[in-house]
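J.: What follows is each chain in one-letter form.
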Amino acid sequence: MSLFHATAIRGALATREGVLVGVNLAIFAFLSFMRPDAFASWTNLKAILSLMTYDFLLAVAMTVVLIVRGLDLSVGSVLALASVVMALLLQDGIPVVGALAIGLLVALTCGFLNGMLIAKGRILPFLVTLGMMSIARGLATVLTTGQYVSFPKAERWFTQFGRFEFRLQIGDSFYGIPLPLLIVLATVSIFAVLLSNWHVLARLFYVGQGPEAAKLSGIKVERYTIAAYVIAALFVWIAAVLMTSATRIGYANYGIGAEMRALAAAIVGGASIAGGSGSILGTFLGVLMLALIGNGFILLNGDPNWQQATFGIVLIVAVGFDAVRTYKTRR
Amino acid sequence: MLPTNKTTTRVTEKRGGINTAYVQYVGLFLITLTVLIASHQTFGNVLAGANLEVLAMNMVFEGIMALGMTFVIISGGIDLSVAAVFAFAEILVAKLMIEAGVPVAAAIIITLGACGIIGALNGLMIVAFRVHPIIITMGTLLTLRGVNLAITDGRSISGFSNDFLFLGTGKILGMNFPIVFFIVAALVLGVLLAHHSFFRQVYVIGGGERPARLSGINVNRVKIVIYTLCAVLAGAAGIMAAARYGAAHWGHGNLAELKAIAAVAVGGANINGGSGTIGGTVLGTVFLAVVHNAFVTSTVNPFLYDVVNGVMLLIAVLLSRFIQRQNEHAQQRTRQAKMDQLATSTEEKSE
Amino acid sequence: MLNVRAVTKSFFGNQVLHGVDLEVREGEIHALIGENGAGKSTLVNIIAGIMRRDSGSMELKGEPVNFAHPLEAMRAGISMVHQELSLVPNLSVAENIFLRHESKTALGFNDWRSMRQTAAKIFERMGVDIDPAVLVGSLSVGMQQLVEVAKAISFDAKLLIMDEPTSSLSEKETAELFAVVRDLRAQGLSIVFISHKLSELFAISDRLTVLRDGHHIATNDIAQITADDVIRMMVGRHLGDLYPPKAAQMGGTVFECSGVSRFGYVRDLSFSVRRGEIVGFAGLVGSGRTEAMRAIIKADPRSSGSFKLEEKAVVWSDPGEAMDLGVVYVSEDRKGSGLFLDFNVGRNVAASTLKRYRNRFGLISRSALAEKARTYVDMMDIRPPNIDARAIELSGGNQQKVLLAKALDCRPKMLIVDEPTRGVDVGAKALIHARLRDLANSGVGVIIVSSEMPEVIGMSDRILVFRNGEIAAELDNRLGQVTQEMVMSYAAYK
Chain A
20 MSLFHATAIR GALATREGVL VGVNLAIFAF LSFMRPDAFA SWTNLKAILS
70 LMTYDFLLAV AMTVVLIVRG LDLSVGSVLA LASVVMALLL QDGIPVVGAL
120 AIGLLVALTC GFLNGMLIAK GRILPFLVTL GMMSIARGLA TVLTTGQYVS
170 FPKAERWFTQ FGRFEFRLQI GDSFYGIPLP LLIVLATVSI FAVLLSNWHV
220 LARLFYVGQG PEAAKLSGIK VERYTIAAYV IAALFVWIAA VLMTSATRIG
270 YANYGIGAEM RALAAAIVGG ASIAGGSGSI LGTFLGVLML ALIGNGFILL
320 NGDPNWQQAT FGIVLIVAVG FDAVRTYKTR R
Chain B
107 MLPTNKTTTR VTEKRGGINT AYVQYVGLFL ITLTVLIASH QTFGNVLAGA
157 NLEVLAMNMV FEGIMALGMT FVIISGGIDL SVAAVFAFAE ILVAKLMIEA
207 GVPVAAAIII TLGACGIIGA LNGLMIVAFR VHPIIITMGT LLTLRGVNLA
257 ITDGRSISGF SNDFLFLGTG KILGMNFPIV FFIVAALVLG VLLAHHSFFR
307 QVYVIGGGER PARLSGINVN RVKIVIYTLC AVLAGAAGIM AAARYGAAHW
357 GHGNLAELKA IAAVAVGGAN INGGSGTIGG TVLGTVFLAV VHNAFVTSTV
407 NPFLYDVVNG VMLLIAVLLS RFIQRQNEHA QQRTRQAKMD QLATSTEEKS
457 E
Chain C
4 MLNVRAVTKS FFGNQVLHGV DLEVREGEIH ALIGENGAGK STLVNIIAGI
54 MRRDSGSMEL KGEPVNFAHP LEAMRAGISM VHQELSLVPN LSVAENIFLR
104 HESKTALGFN DWRSMRQTAA KIFERMGVDI DPAVLVGSLS VGMQQLVEVA
154 KAISFDAKLL IMDEPTSSLS EKETAELFAV VRDLRAQGLS IVFISHKLSE
204 LFAISDRLTV LRDGHHIATN DIAQITADDV IRMMVGRHLG DLYPPKAAQM
254 GGTVFECSGV SRFGYVRDLS FSVRRGEIVG FAGLVGSGRT EAMRAIIKAD
304 PRSSGSFKLE EKAVVWSDPG EAMDLGVVYV SEDRKGSGLF LDFNVGRNVA
354 ASTLKRYRNR FGLISRSALA EKARTYVDMM DIRPPNIDAR AIELSGGNQQ
404 KVLLAKALDC RPKMLIVDEP TRGVDVGAKA LIHARLRDLA NSGVGVIIVS
454 SEMPEVIGMS DRILVFRNGE IAAELDNRLG QVTQEMVMSY AAYK
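Protein chains in written order, with my numbering: chain A, 20 to 350; chain B, 107 to 457; chain C, 4 to 497.
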């Protein structure tokens, strides 16, 4: 009966997130039925979840900026830049903590610049972040001349933890649970709770829903907008750390096209380019849906190359679905 | 009462201020020239015929896409799908000719038609869903890029006939065919955009959709037409690129939309719509080509080019934002002057 | 030549025209005057085909007409010069004039030369000298207004409607425009002229029609009436508006504002408000009241200004800081900059005060918030009484109540409400008025900015009349003896 809760149930769960859970379950059931052996195995499910870890982090970053009526096309290339910077530092024998800290600084600087140009410079978010996308990718390529950067000298724990798995014994079978997956789920869950329950983060929704109304309600709109891009950069950095650790390589071509998948997942998950809406749960369901579809293509001997096309179609269908719904309610 | 007293009403309005657009064009032209001459002085050979050809060919496909993008941006929209349409056209025309054995001319016409349909769909969805063009065209970008990857299995297609290769490497009056195409297209579209009543409507829509509808403009129809035009041009660029590279590949033209948008923005168009010209876009394209060339010929890391591209896009939009601010300030000054005048005149009356 | 009979029009159940008549003769300048909201703009929009009438009839030269589209009206010879300029700044003067009826060559290319020549001819006929080839954006506002006129008559207009064409013109520009208008009359055009400036109407028009609350009040020859007559007819008596009693007692000064200026909008504004007092800001639309209030709370930049709250000097750098000190502003634009339309009532009410509803973990306490929201729903009689209803689903009156509740939750010491009851039904209006008076009685200083004269007079203990970005008069209204005529005589440029 409580305020936010009841709306969530009536307004969102009954429609958006409810629909998404339903769609995900349907895909799950369909794949389980078609390929009971291959699909429902823990190895396969683990692979799906592990692969979607990075996309999920970037989609969360995208969701945060979409909430403040923004857009961040630079998530993929900032990931690459942070990865390359950290790998180069590790290669030179800089301690892991230091390398990670500098990587974080690089990512946050990119986010801060995005936010400043958008909030203070009043430039359209897609232009600013398109520029940043090119700049960050370019810098990453310049730093590495396009080569892989390995770091054999780095401390062992860093090269291990990205692939570490907790082994869980249930009955006779062992289940390996990847550590990065746990880290991501924990971090993002805490963030999700704070986003809707901590008054500071909850204000982001007001900023996106009506910037002028938020300003007159005493919310420092520019500061919150900048903060959203910095928070997004933080999640991008986490993805960069995990990816660099898991692959033991820094590479300038990481995350190419990832911004598109992140945007598609966030929009499917209920975020809107008009701002003021979006939820981490919805985004999770959106990423999961794209991952299941991708997995399905492989399992059903479909051409995996069709995956990307499906993402685009899913995005357009979701947008069309929304258009029809708003058309009905506003008339 | 005398109906007219021309001496009191005759106020000539020819302002001292120079048109800001022309200042921008002349400035851009001079900067381009400076970079060109400076790089020639430093590295030599820049102005040699062979290098000029390389210079032009480096940006020509993005330039053709930028021509279509100009229409879209003036109308207040954006088309992120051009690069995917470009690659799609490469692949489709290649498949039609090599795998289906369709004659060259027919293959080209079918390909351009298919691209036109994609563009029309973009426009249709934009007006029907009333969603921002970014989202729609990004959906098209994703879908089409996926299709490109899937139908080629990630491999490139080659083995074109010599007739077809002419479209990429053949020369007319000593110039490569794509460059001739760019020049002709720029001239034709430039004239249309500047003088044809249908395309003049694009400016009105970019200035504001409500006033445009009030003055009787069919906004939806115009939008669909310009997104179609934009996609057809991207398709034409793709066909010529296939001939140029001798192969079609789904990865070709990656990030071309960024360069096309940058060329339009550097060329002085307002990214929020309402202003811009084909001439400006051509200048912007030439500028980007010259800068790119300077990077390639210099010993500076050519990978920096991406960085410079991004920085230039940002500078271009910051600049147009700055000009916009100046205009706002000027408006406020007029307001203040009017208020002061009114205040003193009412004081005089009350005395 | 134009005969409008018993035209009615309502928006969302709110009737704005109650059977209005208007008769315009050939070759006359016909002034249309009335308070804000009297229905002038709606009437001329209907005549020009921009809006459609609900009932009534319209005849042009004896022929019944019914326009579905502004282009139809233009082709029939009725053109309108809009209050806000509708020109495209990046296009040339000639192109703007001939938008959608360009002179074209066979292939659809614009024939610039013929368009420029025709434009030059129109300007010659108007007696002005504007180069048809320059961009509209490079012209002054006065010149743009003349281009608007040229655009209107380029359709071979028989009837020209001008909706407050002088509102953004200087005196010199106005004189130039008037010379053009007289010139057109001499050529046989009929002109309907709307303005708030009485002196202008008397200077230029032949006959004058007064509208009030969507009713036709009178039409007279200009020679037979005086400015005072017109003011009396404009304001009339509004029956059925009951307002709460005036302040029983007032305390010391709660808020003092001195020397507030905003470049281009507000000139050196100083005033003070006492505890328990309601101060009304009257004035015409565009006189700078909203801009002044926004500058005060720093929602927009200001070039100068200092403030005292409860006798202590205070400073703030944005609306949030003003709010924390107790100076709260309620926007006049409830949909655009007041409410969060897709959010529910509870989230809207707590927009400024989220921080206050925390549980022991420092997180938002949903129960505390819901409870508070329910209190406001009861107190403001928000219907439906559902804190989960989205703001966009509420009626205008209930939206306004939510907006006020949001401000009250900030516990203001000084509350500034801008157009608190615009477009709101009678019941909600009375409730909002009562709550504002309750608030003042509890010791809060209240400012009401309103374009509705009866509201300002009915609610305020003191009235400040705004004109041209500054206070033109201060009227004591504790005994309720201020009349609308008095206010209007200061608000208008007499």
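Hints are supplied without guarantee of correctness; some may be wrong.
As the list claims (entries may be wrong) - Calculated lysine-lysine pairs in the PhoX-like style (CA-CA distance at most 20 angstroms, straight line):
| hint | chain 1 | residue 1 | chain 2 | residue 2 |
| --- | --- | --- | --- | --- |
| 1 | C | LYS301 | A | LYS139 |
| 2 | C | LYS432 | A | LYS239 |
| 3 | C | LYS338 | C | LYS432 |
| 4 | A | LYS239 | C | LYS301 |
| 5 | B | LYS444 | C | LYS175 |
What the hints assert, rightly or not - Per the computed footprint, the stretches of chain B lying under chain A, defined by three or more beta-carbons under 8 angstroms from a beta-carbon of chain A, are:
| hint | region |
| --- | --- |
| 6 | 133-147 |
| 7 | 191-197 |
| 8 | 303-311 |
| 9 | 343-352 |
| 10 | 360-369 |
| 11 | 420-433 |
Because the hints were derived from the structure by calculation, they are not lab data. Note that CB positions come from ideal geometry on N, CA and C, so glycine has one too.
J.: Is it true that the CA of LYS338 of chain C sits at most 20 angstroms from the CA of LYS432 of chain C?
T.: 17 angstroms, holds
J.: Verify the coverage statement for the region 133-147 of chain B against chain A, using a C-beta to C-beta distance below 8 angstroms and requiring 3 or more qualifying residues.
T.: violated (count 0)
J.: Quick check: the region 360-369 of chain B, covered by chain A? Criterion 3+ residues, Cβ under 8 angstroms.
T.: holds (count 3)
J.: Would the hint linking LYS301 of chain C and LYS139 of chain A be met if the CA-CA limit is 20 angstroms?
T.: 17 angstroms, holds
J.: Mind checking, does the region 191-197 of chain B have 3 or more residues with a CB under 8 angstroms from chain A?
T.: Violated - the region 191-197 of chain B has 0 residues with a Cβ nearer than 8 angstroms to chain A, which falls short of three.
J.: Quick check: do three or more residues in the region 303-311 of chain B have a beta carbon closer than 8 angstroms to a beta carbon of chain A?
T.: With 0 residues closer than 8 angstroms to chain A, the region 303-311 of chain B misses the three-residue bar; violated.
J.: Would you say the region 420-433 of chain B counts as covered by chain A, given the rule of at least 3 residues with C-beta under 8 angstroms?
T.: holds (count 4)
J.: Verify the proposed pairing of LYS444 of chain B with LYS175 of chain C, using a straight-line Cα cut of 20 angstroms.
T.: 10 angstroms, holds
J.: Given the hinted pair LYS239 of chain A and LYS301 of chain C, is their alpha-carbon gap at most 20 angstroms?
T.: Roughly 12 angstroms between the alpha carbons, so the hint for LYS239 of chain A and LYS301 of chain C holds.
J.: Check the hint pairing LYS432 of chain C with LYS239 of chain A against an upper bound of 20 angstroms on the C-alpha distance.
T.: 32 angstroms, violated
J.: Has the region 343-352 of chain B got at least three residues whose CB is nearer than 8 angstroms to a CB belonging to chain A?
T.: violated (count 0)
Of the hints listed earlier, those the structure fails to meet are numbers 2, 6, 7, 8 and 9, in rising order.
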